[in-house]
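S.K.: Chain by chain, the residues run as shown.
2 protein chains.
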Amino acid sequence: MPEHTGYTGKSLEFLKSNDVAVGDSVKAIGELTYSGIIMPRYEHTDDQHIVLKLNSGYNIGLEIEKITKIEKLTSTEKISENVDDLKENPSLPKILLLSTGGTIASKVDYRTGAVTPILTASELNSSVPELSEIANIDTEVLFSEYSENIMPDHWLQIARKLNDVAKSDYTGIIIAHGTDTMHYTSSFLSFALAGYPIPIALVGSQRSSDRASSDAALNLIGATKFLVGCKTNGVFVVMHNDESDNTIACHYGTRVRKNHTSKRSAFQTIGDNPAYIIYEDKIQKNTKDEFFKNKKFNPKINLDTKVALVKYYPGYDSKLLDEILDMGYKAIIFEGTGLGHIGKTMYDSVKRANEKGVFLGMTSQCIDGRTRMTVYESGRDLLNLGIIPLEDMIPEVALVKTMWALGNSQDIEEAKKIILENIASELSK
Amino acid sequence: MPEHTGYTGKSLEFLKSNDVAVGDSVKAIGELTYSGIIMPRYEHTDDQHIVLKLNSGYNIGLEIEKITKIEKLTSTEKISENVDDLKENPSLPKILLLSTGGTIASKVDYRTGAVTPILTASELNSSVPELSEIANIDTEVLFSEYSENIMPDHWLQIARKLNDVAKSDYTGIIIAHGTDTMHYTSSFLSFALAGYPIPIALVGSQRSSDRASSDAALNLIGATKFLVGCKTNGVFVVMHNDESDNTIACHYGTRVRKNHTSKRSAFQTIGDNPAYIIYEDKIQKNTKDEFFKNKKFNPKINLDTKVALVKYYPGYDSKLLDEILDMGYKAIIFEGTGLGHIGKTMYDSVKRANEKGVFLGMTSQCIDGRTRMTVYESGRDLLNLGIIPLEDMIPEVALVKTMWALGNSQDIEEAKKIILENIASELSK
Numbered sequence: 000m001p002e003h004t005g006y007t008g009k010s011l012e013f014l015k016s017n018d019v020a021v022g023d024s025v026k027a028i029g030e031l032t033y034s035g036i037i038m039p040r041y042e043h044t045d046d047q048h049i050v051l052k053l054n055s056g057y058n059i060g061l062e063i064e065k066i067t068k069i070e071k072l073t074s075t076e077k078i079s080e081n082v083d084d085l086k087e088n089p090s091l092p093k094i095l096l097l098s099t100g101g102t103i104a105s106k107v108d109y110r111t112g113a114v115t116p117i118l119t120a121s122e123l124n125s126s127v128p129e130l131s132e133i134a135n136i137d138t139e140v141l142f143s144e145y146s147e148n149i150m151p152d153h154w155l156q157i158a159r160k161l162n163d164v165a166k167s168d169y170t171g172i173i174i175a176h177g178t179d180t181m182h183y184t185s186s187f188l189s190f191a192l193a194g195y196p197i198p199i200a201l202v203g204s205q206r207s208s209d210r211a212s213s214d215a216a217l218n219l220i221g222a223t224k225f226l227v228g229c230k231t232n233g234v235f236v237v238m239h240n241d242e243s244d245n246t247i248a249c250h251y252g253t254r255v256r257k258n259h260t261s262k263r264s265a266f267q268t269i270g271d272n273p274a275y276i277i278y279e280d281k282i283q284k285n286t287k288d289e290f291f292k293n294k295k296f297n298p299k300i301n302l303d304t305k306v307a308l309v310k311y312y313p314g315y316d317s318k319l320l321d322e323i324l325d326m327g328y329k330a331i332i333f334e335g336t337g338l339g340h341i342g343k344t345m346y347d348s349v350k351r352a353n354e355k356g357v358f359l360g361m362t363s364q365c366i367d368g369r370t371r372m373t374v375y376e377s378g379r380d381l382l383n384l385g386i387i388p389l390e391d392m393i394p395e396v397a398l399v400k401t402m403w404a405l406g407n408s409q410d411i412e413e414a415k416k417i418i419l420e421n422i423a424s425e426l427s428k
Numbered sequence: 000m001p002e003h004t005g006y007t008g009k010s011l012e013f014l015k016s017n018d019v020a021v022g023d024s025v026k027a028i029g030e031l032t033y034s035g036i037i038m039p040r041y042e043h044t045d046d047q048h049i050v051l052k053l054n055s056g057y058n059i060g061l062e063i064e065k066i067t068k069i070e071k072l073t074s075t076e077k078i079s080e081n082v083d084d085l086k087e088n089p090s091l092p093k094i095l096l097l098s099t100g101g102t103i104a105s106k107v108d109y110r111t112g113a114v115t116p117i118l119t120a121s122e123l124n125s126s127v128p129e130l131s132e133i134a135n136i137d138t139e140v141l142f143s144e145y146s147e148n149i150m151p152d153h154w155l156q157i158a159r160k161l162n163d164v165a166k167s168d169y170t171g172i173i174i175a176h177g178t179d180t181m182h183y184t185s186s187f188l189s190f191a192l193a194g195y196p197i198p199i200a201l202v203g204s205q206r207s208s209d210r211a212s213s214d215a216a217l218n219l220i221g222a223t224k225f226l227v228g229c230k231t232n233g234v235f236v237v238m239h240n241d242e243s244d245n246t247i248a249c250h251y252g253t254r255v256r257k258n259h260t261s262k263r264s265a266f267q268t269i270g271d272n273p274a275y276i277i278y279e280d281k282i283q284k285n286t287k288d289e290f291f292k293n294k295k296f297n298p299k300i301n302l303d304t305k306v307a308l309v310k311y312y313p314g315y316d317s318k319l320l321d322e323i324l325d326m327g328y329k330a331i332i333f334e335g336t337g338l339g340h341i342g343k344t345m346y347d348s349v350k351r352a353n354e355k356g357v358f359l360g361m362t363s364q365c366i367d368g369r370t371r372m373t374v375y376e377s378g379r380d381l382l383n384l385g386i387i388p389l390e391d392m393i394p395e396v397a398l399v400k401t402m403w404a405l406g407n408s409q410d411i412e413e414a415k416k417i418i419l420e421n422i423a424s425e426l427s428k
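Listed in order, the protein sequences are those of chains A and B.
Just so it is clear: in the first sequence, position 419 is 418 by numbering that gives the first Met the number 0, and no numbers are missing.
Just so it is clear: in the second sequence, position 295 is 294 by numbering that gives the first Met the number 0, and no numbers are missing.
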């Protein structure tokens with residue numbers, strides 16, 4: 000039965016009257032002629048357009064009024080038979096792709112319209128055929144979650160899998176991951192797998208595959224080129240560098256943040272350029288430092304989630320902090336204002352937290368720049384109350400690092416020492 | 000008695016042996032010769048330098064080993080007699096400067112080393128003499144707080160004062176304010192004083208006056224030029240545009256954020272250029288829109304602080320949200336991930352909040368970009384649970400607007416309507 004997922008009104012009428020459906024390969028003739036596959040639509044949208052996936056991999060929206068004729072080239076069923084069995088090229092390096100979910104790791108099932116995970120290497124290679132010219136890619140689905148549903152337990156699961164393959168013959172590892180919390184996961188892996196011998200690239204896509212110009216393929220290709228050619232190790236987030244398709248950025252996994260809700264270049268290295276840029280087949284290095292501060296591989300795959308991130312704002316009621324303390328939290332990461340401040344109204348609760356032996360770390364909601372608590376009287380007050388400035392650690396990274404440090408130490412004093420040590424470039428010079 | 004605030008070790012020895020002290024006007028001769036006033040020091044710092052305030056207004060740190068000779072020109076007492084009585088120039092427009100504290104509104108008392116508020120017009124004009132050529136400036140100290148200590152009650156106090164002078168003959172109003180929470184205050188004033196007839200400029204400084212290249216004077220001059228020449232109304236944050244001293248940026252008070260802890264150009268308009276740029280005596284306009292969406296002045300100076308900003312992160316325990324609900328909060332502004340998501344583990348608590356009639360608004364911790372909750376299944380789930388996407392409102396602005404809306408409405412339904420209405424450019428197109 001022909002499927003028309005997401006099409007309504009005029010566009011649905013148009014598909015039906017031309018006897019074409021989602022998944023059909025068609026030629027649409029108008030002022031210009033386009034050949035491609037009719038894509039399902041998921042967004043609340045108008046009924047004036049149909050979306051084609053072109054052979055180039057791009058999606059395009061076509062106004063139905065401007066289509067003079069539409070011809071069916073192949074129907075859905077034929078396409079699904081076209082997946083080739085992939086032959087390995089023994090001269091190419093081996094890459095492992097671990098899939099955790101999100102837009103990047105999904106393909107649209109043209110018959111049902113459902114977004115499903117990429118399951119096999121042959122499926123991956125048929126959707127991004129360029130990959131097979133760069134590397135032999137093994138794939139494995141770890142789980143399939145949108146990244147807003149990825150929890151610290153998932154971080155542990157990914158880290159354990161990576162630990163298992165640390166001594167394999169892979170040249171590098173791709174982790175396909177939803178973008179929403181990718182920088183939290185990359186931070187955890189950076190700490191838990193300090194010194195990991197081969198490079199790890201977390202890759203996502205900002206545009207779902209039924210939208211025009213999805214970035215999934217280009218980000219995967221960029222990451223693969225990077226892993227094969229970078230000659231370094233570390234944990235990287237690999238995404239579009241700008242709104243063009245010319246450059247792919249490789250960010251340090253502990254210095255990066257999703258700073259835009261929808262742009263393909265949403266990820267930015269805070270306070271610096273991305274560590275590497277991939278431009279065509281060139282890898283441009285922008286950093287002199289090694290990602291891991293200690294070369295020895297030293298996996299510590301534990302964590303303790305009794306850490307709260309507290310963003311301060313005018314009117315923040317210190318009773319909220321009291322409740323957190325009463326719930327047995329072991330550490331508070333403040334997202335203070337400016338150089339690392341919170342208001343005087345917080346002092347009593349902070350004092351109580353300190354007396355309870357709770358770790359109190361300060362970051363800034365400015366995101367960029369360094370905390371400095373010696374400049375103003377209020378900062379000095381907070382230092383005296385036991386709050387520890389966390390240099391220029393990004394708040395989210397400080398949160399993850401503290402969870403990790405608590406899970407891998409005997410007591411708060413040991414955790415504190417670990418938190419302040421530069422492990423994976425989370426502290427810039 | 001000579002004062003040496005902040006000087007220790009060698010630098011203290013140097014001052015004493017040369018019989019000069021903080022506040023003295025001196026000539027320091029070395030490879031180059033500098034004349035200026037010896038400044039107190041507040042930061043934990045080395046003992047190798049002394050700091051001079053030059054006649055240009057800049058501060059400079061001089062290495063004592065390189066000073067071959069230092070001559071006292073005038074001592075402290077003489078300087079303090081030099082404050083002229085200011086004469087008004089009747090041909091110039093009138094500006095009111097309200098001081099609330101922070102670095103900008105302070106001057107260093109050279110005798111005690113204490114940072115004290117600027118109290119009188121004559122003191123202001125003697126520290127920034129250029130101002131008296133642009134406008135006649137009346138000054139008033141409302142209170143004196145570092146901005147991390149400014150609370151919603153202070154916002155009300157500022158708004159009431161502004162309301163009192165809405166029908167005066169001032170051309171514009173400067174609010175000297177600490178930078179840490181300046182964008183929260185500017186947001187509140189934008190809503191509470193919607194349609195205010197004359198322009199309001201919040202001005203801060205990022206570098207304290209005992210540090211090299213304080214930006215206080217240039218920001219004040221830029222703001223005064225802007226208020227006198229802009230021919231518009233609205234609430235603006237006026238600060239350095241970049242690290243040079245060439246351009247001053249005027250940001251819309253509801254679209255701006257402190258995005259760097261220490262840079263002079265810390266404030267940025269989110270997702271756009273600043274609304275106006277002051278370059279020398281020119282005012283460049285970058286916007287076609289009016290700041291206030293309704294021209295009528297319609298003051299509503301109330302608020303309700305029972306609003307919590309909840310930043311979601313992997314591992315966020317929904318019990319924290321439950322506690323907030325149990326404390327009687329009337330509204331939650333989520334700082335979700337990406338397009339506006341929170342994890343499935345939050346759904347039960349969100350459902351409960353919705354059933355209690357709590358307003359649930361969604362913003363994004365990406366800061367830049369628009370929330371869109373119809374793209375992914377998880378977003379649609381959250382919409383069904385009663386969460387309302389707040390377009391591209393900056394999280395901090397959404398928080399302040401919700402406090403204000405709750406304080407000026409009879410019930411949650413009325414508040415909701417107000418929150419979604421574009422009042423002061425807080426929603427961009």
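Hints listed in this document are in silico derivations from the structure and should not be mistaken for laboratory results.
These numbers come from a predicted model, not from an experiment.
Ideal Cβ positions, reconstructed from N, Cα and C, are used throughout, including at glycine.
Some hints here could point you the wrong way.
Distance windows between CB atoms, simulated [unchecked claim]:
#1 62(B) with 412(A): 31 to 41 Å
#2 64(B) with 379(A): 21 to 31 Å
#3 126(B) with 45(A): 38 to 48 Å
#4 379(A) with 318(B): 32 to 42 Å
#5 327(A) with 356(B): 40 to 50 Å
#6 65(A) with 421(B): 25 to 35 Å
Some, not all, of what chain A presents toward chain B, calculated at C-beta under 10 Å [as the list claims (entries may be wrong)]:
#7 59
#8 139
#9 142
#10 151
#11 216
#12 220
#13 278
#14 300
#15 311
#16 363
#17 370
S.K.: Taking the earlier hints as the rules, which of them does this structure contradict?
M.R.: 3, 5, 7, 8, 9, 11, 12, 13, 14
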